Structures are given as C-alpha cells and as structure tokens.
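Q: Line by line, the protein sequences give chains A and B.
Using numbering that gives the first Met the number 0, the final residue of the first sequence is 255, and nothing's skipped along the way.
Using numbering that gives the first Met the number 0, the final residue of the second sequence is 330, and nothing's skipped along the way.
Think of the hints as simulated: they come from the structure by calculation, not from any bench.
All values derive from a computational prediction rather than experimental measurement.
Among these hints, one or two may not hold up.
[Unchecked claim] So, partial list: chain A residues that the calculated Cβ filter (under 8 Å) puts toward chain B:
id, residue
1, Asp-6
2, Thr-8
3, Gly-10
4, Leu-48
5, Pro-52
6, Arg-54
7, Ala-55
8, Gly-56
9, Arg-76
10, Ser-85
11, Asp-106
[Said to hold, decoys possible] To give an idea of the chain B side of the interface with chain A (calculated C-beta under 8 Å), a few residues:
id, residue
12, Thr-31
13, Arg-33
14, Arg-80
15, Ser-214
16, Leu-223
17, Thr-267
18, Glu-270
19, Pro-271
20, Arg-294
21, Glu-298
Glycine included, every Cβ here is placed at the ideal spot set by N, Cα and C.
Chain by chain, the residues:
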Amino acid sequence: MTLALHDVTFGYQDRTIVSGLSAAFLTGRVVAILGNNGIGKSTLLKGILGLIPTRAGHVMIDNKSVHSMPPAQRAQRLAYLEQQASCHWPMPVERVIGLGRHPYGTDQIDDALLEQVMQMTDTHALAKRPVTQLSGGERTRVMLARALAVDAPILLADEPVAGLDPHHQISVMAQLRQWTLAGRTVILTLHDLNLALHYCDDVLLLGKQDFHFGDADSLLNPGILSRFFQIEAKVTEVDGQLSLVNWRQATVNKQA
Amino acid sequence: MPSPVARLHSRSALLISLSLVLIAASLLSLLTGRGSGLAWPEWDWQTQLILWEIRLPRTVLAAVSGAVLGLAGAVLQGWLRNPLADPGILGVSSSSALVAVVAMYFGLGSLAWSIPLAGILGALVGFRVLLMLTGKESGILLIILAGAAINAFCSAMTALLLNLAPNPFAMQDMLFWMMGSFEHRTLDHVLLVLPPAGIGAYLLLRTGRSLNILSLGHDTARSLGVSTDRLYWQIGLGCALAVGASVSTAGVIGFVGLIVPHLLRPLTRWEPGQLLLPSALGGAALLVLADILVRLMPEGPELRIGVLTALLGGPFFLGLLRHVRRQEFMP
Numbered sequence: 000m001t002l003a004l005h006d007v008t009f010g011y012q013d014r015t016i017v018s019g020l021s022a023a024f025l026t027g028r029v030v031a032i033l034g035n036n037g038i039g040k041s042t043l044l045k046g047i048l049g050l051i052p053t054r055a056g057h058v059m060i061d062n063k064s065v066h067s068m069p070p071a072q073r074a075q076r077l078a079y080l081e082q083q084a085s086c087h088w089p090m091p092v093e094r095v096i097g098l099g100r101h102p103y104g105t106d107q108i109d110d111a112l113l114e115q116v117m118q119m120t121d122t123h124a125l126a127k128r129p130v131t132q133l134s135g136g137e138r139t140r141v142m143l144a145r146a147l148a149v150d151a152p153i154l155l156a157d158e159p160v161a162g163l164d165p166h167h168q169i170s171v172m173a174q175l176r177q178w179t180l181a182g183r184t185v186i187l188t189l190h191d192l193n194l195a196l197h198y199c200d201d202v203l204l205l206g207k208q209d210f211h212f213g214d215a216d217s218l219l220n221p222g223i224l225s226r227f228f229q230i231e232a233k234v235t236e237v238d239g240q241l242s243l244v245n246w247r248q249a250t251v252n253k254q255a
Numbered sequence: 000m001p002s003p004v005a006r007l008h009s010r011s012a013l014l015i016s017l018s019l020v021l022i023a024a025s026l027l028s029l030l031t032g033r034g035s036g037l038a039w040p041e042w043d044w045q046t047q048l049i050l051w052e053i054r055l056p057r058t059v060l061a062a063v064s065g066a067v068l069g070l071a072g073a074v075l076q077g078w079l080r081n082p083l084a085d086p087g088i089l090g091v092s093s094s095s096a097l098v099a100v101v102a103m104y105f106g107l108g109s110l111a112w113s114i115p116l117a118g119i120l121g122a123l124v125g126f127r128v129l130l131m132l133t134g135k136e137s138g139i140l141l142i143i144l145a146g147a148a149i150n151a152f153c154s155a156m157t158a159l160l161l162n163l164a165p166n167p168f169a170m171q172d173m174l175f176w177m178m179g180s181f182e183h184r185t186l187d188h189v190l191l192v193l194p195p196a197g198i199g200a201y202l203l204l205r206t207g208r209s210l211n212i213l214s215l216g217h218d219t220a221r222s223l224g225v226s227t228d229r230l231y232w233q234i235g236l237g238c239a240l241a242v243g244a245s246v247s248t249a250g251v252i253g254f255v256g257l258i259v260p261h262l263l264r265p266l267t268r269w270e271p272g273q274l275l276l277p278s279a280l281g282g283a284a285l286l287v288l289a290d291i292l293v294r295l296m297p298e299g300p301e302l303r304i305g306v307l308t309a310l311l312g313g314p315f316f317l318g319l320l321r322h323v324r325r326q327e328f329m330p
C-alpha cells in the first residue's frame, strides 16, 4: 500500500508550515522525517491524517484520496502515535492497548495481537498497571503498542523513541523495522540521526525553504547535515554500518 | 487480560445490583407518604388514587431526573476529561431554568404543560447559543468558557426576574420551583418529560465507545475514526433534551450528576464508556431515595430536594476529594 503526497501544503490559521511537498512512501519501508524543531514534522503527520485541513494538494493511498475516505476506513489504513501520547483516566494498560481496535467497530483485541504488540514494545510487565502511574518512557511504549494494535498497513509515529532509555530506543526501532517485513510502512519523526541511519530505509528532510526525500545512506551526508541542521559531522562506516561521528555546531551555511 | 466474559460478569453484577437498589427504592417510595411516613397501604380506592396520582408520578419523575442527571454527568466528565464537569457545565440547565421562570413570571405556571415545555425549549435555546458561541467543532476550553458565560447570563436574568416579581407570592413560587421538588407532579408531567428525556438519554448512551477513545486525546481519537464534531452535536443535543426535561419538571438539582459518576468510576475500571448506564441507574436510585428522605422530614414546609442534595452532596464531595488525594490520582 503506497502513501503518496502530491504537492501538499499544510498550516495553521495564517501560517503555512509545510508547502508544496511531494513524496511517495513505498510499502515495506521505514521512513524517518527529520528536521529542526518547529520545522513542521508533526504538522506533516497531522496533515497526512486529515487532522488539519489540506490547503493544497492531495494525500493518496493507492490512488484513493485519504481525506475523502470515511473516518473508520481511513483509520484502518493509517495508525497514528501522537507526540507525548497519554491516557487521561487510570485505565489498565491492556485495556488502553485494546482501544486501538476502535476502527473495526470493537474495543476488544484478540489475544494473539495483544501478545504480539506487548512483546514488541516490552510492555508485558505493565499489563495490569494503571496507565497514569507509568513513567514517561513506559507510557510511550504503551501508547506505541496501542498504535500497533490498529494493525494498519501504514503507521505514522511522532517521536516514538522520545524519552526512552537507550535499550528501548534500539529495541523499538528494531521492532518497527521488523513490523515492515509483513508489508507495512512505518513513517516516523526522529531527532537521532544515527537511529535514522541504522534503522530507516528512507528519510524526508524538512528545511525552511525546501525538502529532500530519498535513501537514508545517501541523503545523510555532511553537506546536507550542515545545510539542514547547522552541524558538522563525519559519516563513517563502523562495523559495516554508516554512523555519524564527531558532531559539532557548524559555523557557516545557515540558509537551509 | 481479563476475558470479555469475566468483564461482562463484573459489569453485569454492578448493573444488576444498581437495578435492584433502584427497584427497592421505587417500591419504598410508593409506600412512603408525606406525614404518614413509611406504611403498608390498605388497598381501597383512596389508596389507589394516592398511588396512581401522587406517588407513582413522583417516583417515576425522581427516577427519570436522577437517571438523566447521572448519565449526563458521566458523559460530560468523559467528554471534557474533567472530573468536575456536571450537567450544568454547558449552560443548558440554567437556560432551561430561565425560560421556565419567564413562563412563571408571565403567569403561565398554572398550566400543567407550560413549565415543562418552557424548560425544554430553554435548554434547546441554550444549546443553540452554545453552538453559536463555539462553532461546531471546538476545543474543550472554549466550550467550558462559553458554558460558563451562558450560566452567568442566565443566572443574572433569573435573578432579575425574581427581583422584578409582581408580588411576593410569585417570587416565592419561582424561588421554590428553582430549588427543585417532585411535589404536586402528575402523570401529565411524566408524559411530557419522558419523550425528550428518552431521546436525550438514547443520544447520550450511544457515546460510550467514543468517550473511551477520547481518553487518548482529541487528535488520537480522530485518527481512530471518532467524528468529534458529530460527538459534540450528539452530546450537546442529548444533554439539552435530557437535562432540560429534568430541570423543567423538577427544577435545578445539583450534585447528582457530579457525585454519582465519581462514586461508580472505580467500579467500571475507569472507562468513561462503561460508566454511562451504571451512572444512570445510580442517579435514579439516589434521587428516588433523596425524595423519600424529603417526605420523611418532620411536618412543616417540605424541604426542597435540590437543597437536600446540595446539603448532603457538598460534604460528601469534600470527603471524596480527600480520598482521591490519598490515592495519588488527580487527573
């Protein structure tokens, strides 16, 4: 299932945040949306979902307009993990995860799927606990499990590893990669460029004036990093994998 | 994870328990007379008359009012994700009371149907004004602020009407009506109230699953297919019809819609959607019991049920807040 953006523009009130963006997210890929704070990563995800109106362009899944789909049909295709997602009431964790089945007209999750998403997010031990009593990182994992429970072909996750300890950052990224093997697409926003290099197939780089979309290994080069993030770094191969080393603030080139 | 069957059993047990309490309270209400207290009646024509014409309408109206207040409170607390929300928060109960007082001011109170109709009309007008102020899809804060503005305006207008009452008796009538009572209500009132209360309750009961999802936040709920603007209409119209029907026949009765959902929430695993039916049953039982208590008071002017619920509800709610604080949970 391919998600395609055709010249889309999103914004709030009189402020345009994302303008004239086109990209096609292919099945089975992990895509990182990268960019500085406030550049429009979350806005883009909300625009794709139809949570904010599209000012121009179209968002299509397999040539069908996402925004003209009935809400339940759209929800079955696009799962969403909100940034700093939480649950207002102290409902048990397993119950919160089950709410992900809402697009299918039920609030009951079958045991096999519950087991799978809990295993992916390492939330077994939390199953009976009230969700409001969890730490920030634990809650993020539970909310990711809730988004995975939708079992949609496309997952949009807004900073899914923010606030996680290093072990769980790596584990969640590896599991999301695994998730795409069954023909699903994962599109996530990230700030850790090494996680993007190690676990993502493609990156969408958002800048103030323009964007770049393409293969992670070729796009995350020193020139682009300097232009989009105002940092200098070396891209080097460590144990057969490209990594960013020697980060420092760039002294020139802030026009991106 | 508890199996769906186990969860159904615990929910069924709660619903059956509350239903039994409501049935017992209703029977007790039919056996309780003002002045005569609790007594097993002789089955003569006078008793039948008292049962059919006085106690049955009173009991049914108390149950219906309590049910819609408990239900509306549970829905609004879930929708606004605010444990302090009550049926008055949208301004529909104060607008209902205002239009009913206007009808009384102009001497329409003697017609049995005029006050209930005025009250329901007032609630619908209040909802229309709320929509005008907020637009069809608004944030929680704007809805609460608009409701507060409607409440303030309607309270001021009601006070003005009391102030300008043509005579002390008219003022007393209006004031006593506003304090809430089921005295002198007939089967006509029941027939007038049941359709809007029923339609309103139906609309509110249908919101359960969406309220569960809204616990995850507005954007996540929309991403899961919840139509938040339709939900706003459903809840606003449901509250206007149901709460308007209650206010129009019983006056303004506070605390039921606030306390009942609080009491029952831990028994429903904190799920807003699971709380609705239990809150309706709990509210009905509570108000029928409160109305019995009113009739068991010593001779003299009847204590208004709105005064009684506030007298009992205030301290009870304070105790509940202390308990909640100790549990380290305050959403």
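Q: Could you run down the list of hints and mark each one as holding or not?
A: Comparing the hints with the structure gives:
A hinted interface residue such as Asp-6 (chain A) counts as satisfied when its beta carbon comes closer than 8 Å to some beta carbon of chain B; here the least separation is about 23 Å, so the hint is violated. With a least beta-carbon distance of about 20 Å to chain B, the hint placing Thr-8 (chain A) at the interface is violated under the 8 Å criterion. Because the beta carbon of Gly-10 (chain A) sits about 16 Å from the nearest beta carbon in chain B, more than 8 Å, this interface hint is broken. Interface hint status for Leu-48 (chain A): upheld, as the beta-carbon distance to the closest one in chain B is roughly 5 Å, under 8 Å.
At its closest, the beta carbon of Pro-52 (chain A) sits 11 Å from a beta carbon of chain B; the interface hint therefore is violated under the 8 Å criterion. Hint status for Arg-54 (chain A): violated, given a least beta-carbon distance of 18 Å to chain B, over 8 Å. Taking 8 Å as the C-beta contact cut-off toward chain B, the hint placing Ala-55 (chain A) at the interface is violated, the least distance being around 21 Å. Restraint check, Gly-56 (chain A) versus chain B: the minimum CB separation of about 20 Å is more than 8 Å; hint violated.
With 8 Å as the threshold, the beta carbon of Arg-76 (chain A) stays out of range of chain B, its nearest partner Cβ sitting at about 11 Å, so the hint is violated. Checking Ser-85 (chain A) against chain B: minimum C-beta separation of about 7 Å stays under 8 Å; hint holds. Below 8 Å, beta-carbon pairs count as interface contacts, and Asp-106 (chain A) has one with chain B at about 6 Å; its hint therefore holds. The criterion of a C-beta within 8 Å of any C-beta in chain A is not met by Thr-31 (chain B), whose closest approach is roughly 38 Å, and the hint is violated.
The interface hint given for Arg-33 (chain B) is violated, since its Cβ lies 42 Å from the closest Cβ of chain A, which is over the 8 Å cut-off. Given hint, Arg-80 (chain B) at the interface with chain A, holds; its Cβ is 4 Å from that chain's nearest Cβ, closer than 8 Å. The interface hint given for Ser-214 (chain B) holds, since its Cβ lies 5 Å from the closest Cβ of chain A, which is under the 8 Å cut-off. Interface restraint check: Leu-223 (chain B) against chain A, minimum CB-CB distance 5 Å, threshold 8 Å, status holds.
Because the closest C-beta pair between Thr-267 (chain B) and chain A is about 10 Å apart, greater than 8 Å, the hint is violated. At a threshold of 8 Å, the smallest CB-CB gap from Glu-270 (chain B) to chain A is about 6 Å, leaving the interface hint in force. Residue-level restraint check for Pro-271 (chain B) holds (minimum Cβ-Cβ distance to chain A is 7 Å; threshold 8 Å). At its closest, the beta carbon of Arg-294 (chain B) sits 38 Å from a beta carbon of chain A; the interface hint therefore is violated under the 8 Å criterion.
The closest approach between the C-beta of Glu-298 (chain B) and any C-beta of chain A is roughly 47 Å, which is over the 8 Å cut-off, so the hint fails.
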